[in-house]
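Asker: Using the sequences and the hints, build the whole thing.
First residue of the sequence shown? That's 1029 in my numbering, and the numbers climb one at a time after it.
No lab work stands behind these hints, which were simulated from the structure alone. By construction, the Cβ of each residue, glycine as well, lies at the ideal position given by its N, Cα and C atoms. One thing to keep in mind: the hints can contain errors.
What the hints assert, rightly or not - Cβ pair distances, simulated, as ranges:
1. V1225 / P1404: 40 to 46 Å
2. D1415 / A1366: 18 to 24 Å
3. Q1397 / V1421: 17 to 23 Å
4. F1139 / P1404: 48 to 54 Å
5. G1378 / G1301: 35 to 41 Å
6. Y1112 / G1208: 21 to 27 Å
7. E1407 / N1205: 41 to 47 Å
8. A1418 / G1320: 37 to 43 Å
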Amino acid sequence: MNSPLSRVPGRDNADVAFYEGYQRGHNDTAKMLSRRSLAYLFVGGFFGAALVFLAAQTGALADFSRAEKVLEDPALKTERPKDYVRAIEWAKRFTVGIIAEQPGRRRQDMFGRIYELPGSQHIGSGIILNEQGYVLTNSHVIPDSATRLEVVLGEKAYEARFVGRRADYDIAIIKINARGLTPASLGDSDKVEQGDVVIAIGSPYGLFHTATEGIVSFVGREGGIGSLVPNYLQTSAAINGGNSGGPLIDLTGRVVGINTWKLSGSGNEGIDGIGFAIPINVARRVSERILGSDDQREDTKISDQPRDMRSAYLGIQAETGLRTEQPSDGVIIKEVVAGSAADIAGLRPGDKITHVNQTGVKSFQELAQLLAALPPGAEIDIRYVRDGLAAGVKVKLGGRNR
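Answerer: Below you can see the structure in the form of structure tokens.
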């Protein structure tokens, strides 16, 4: 029997919803040393060796000796390679590859001729939440038009069904029918610190169970317009197309984040070493909301009953994201959606929202988090600044599908 790995498409079928920058090669031109240069090099090396010998004789190299003793201190020795191996081997038990198939489409050219476009595939990753077969991944891994979902675990492939999503958090849940599953070990992302060593595991370009290592470069990075995630983990571990939805683990094998995106430069080229993961504490809470579970235990029990997926809606757009010039004392409205709750309440572009129900807001993510906890139709007090003057208004929130 052929392994499901042999059916994985190549580079062209990598996760198309994820921008990846192609690493530019560089070709240094080697320069030949002239005979004179070689002569200088020989003479310099001779005198350099003599100086080192004299310095050693006079005790000038004592610091190097002390440094060697420090490096030999047993307290500083670690079994880092073994930690890596153990963590990766454990994470491979609950990390899956995901293939989402989209149907072909019909197109008509300028001469009226109809032709068929072939179907496409999205490649992503995910983690097993529990023994019942629920799998957590990124929402953008599962296109709305997907007609078939397949989950690859080890050497086996399973048909999967879509359960639910929260696109504003970029989280989705799918389910497989399988036995003997190993649930992911979930860590505590609130305890993650800048500088912690982490490993990203996923399926870049269909290469299942690829592991890349890095550190947590920053904790609490904002994610831009449309994202309710308030505190992405920034990592130097390589994250590429197909890594989306896979785990970011620590050296104990616990999941601390869900790999989601990488920064793009000019021309939408992905920038290596600047990737972002949704903190696992956020991903877990959102997963439980998708499935209507009120169980907060560590084993991540999940019910089968999805809940109402409509959320409160204010109706504004704000300039935000990774740019450092954004204000830290409020949210400046860039655009007000016509007919929305904000429009009816009289809010305008240029207004700076500073408080919601007496709670200060410093960023669009904080504002979005406050609104996400409220039902459609809720009334809130908004304080804002317009033309340098403070004002307040009551707003009855609208609703929209998530």
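Asker: Please go over all the hints and tell whether each is borne out by the structure.
Answerer: Verification of the supplied hints:
no. : hint                      : verdict
1   : V1225 / P1404: 40 to 46 Å : holds (43 Å)
2   : D1415 / A1366: 18 to 24 Å : holds (22 Å)
3   : Q1397 / V1421: 17 to 23 Å : holds (20 Å)
4   : F1139 / P1404: 48 to 54 Å : holds (49 Å)
5   : G1378 / G1301: 35 to 41 Å : holds (37 Å)
6   : Y1112 / G1208: 21 to 27 Å : holds (26 Å)
7   : E1407 / N1205: 41 to 47 Å : holds (45 Å)
8   : A1418 / G1320: 37 to 43 Å : holds (40 Å)
Violated hints for the displayed structure: none, as all numbered hints are satisfied.
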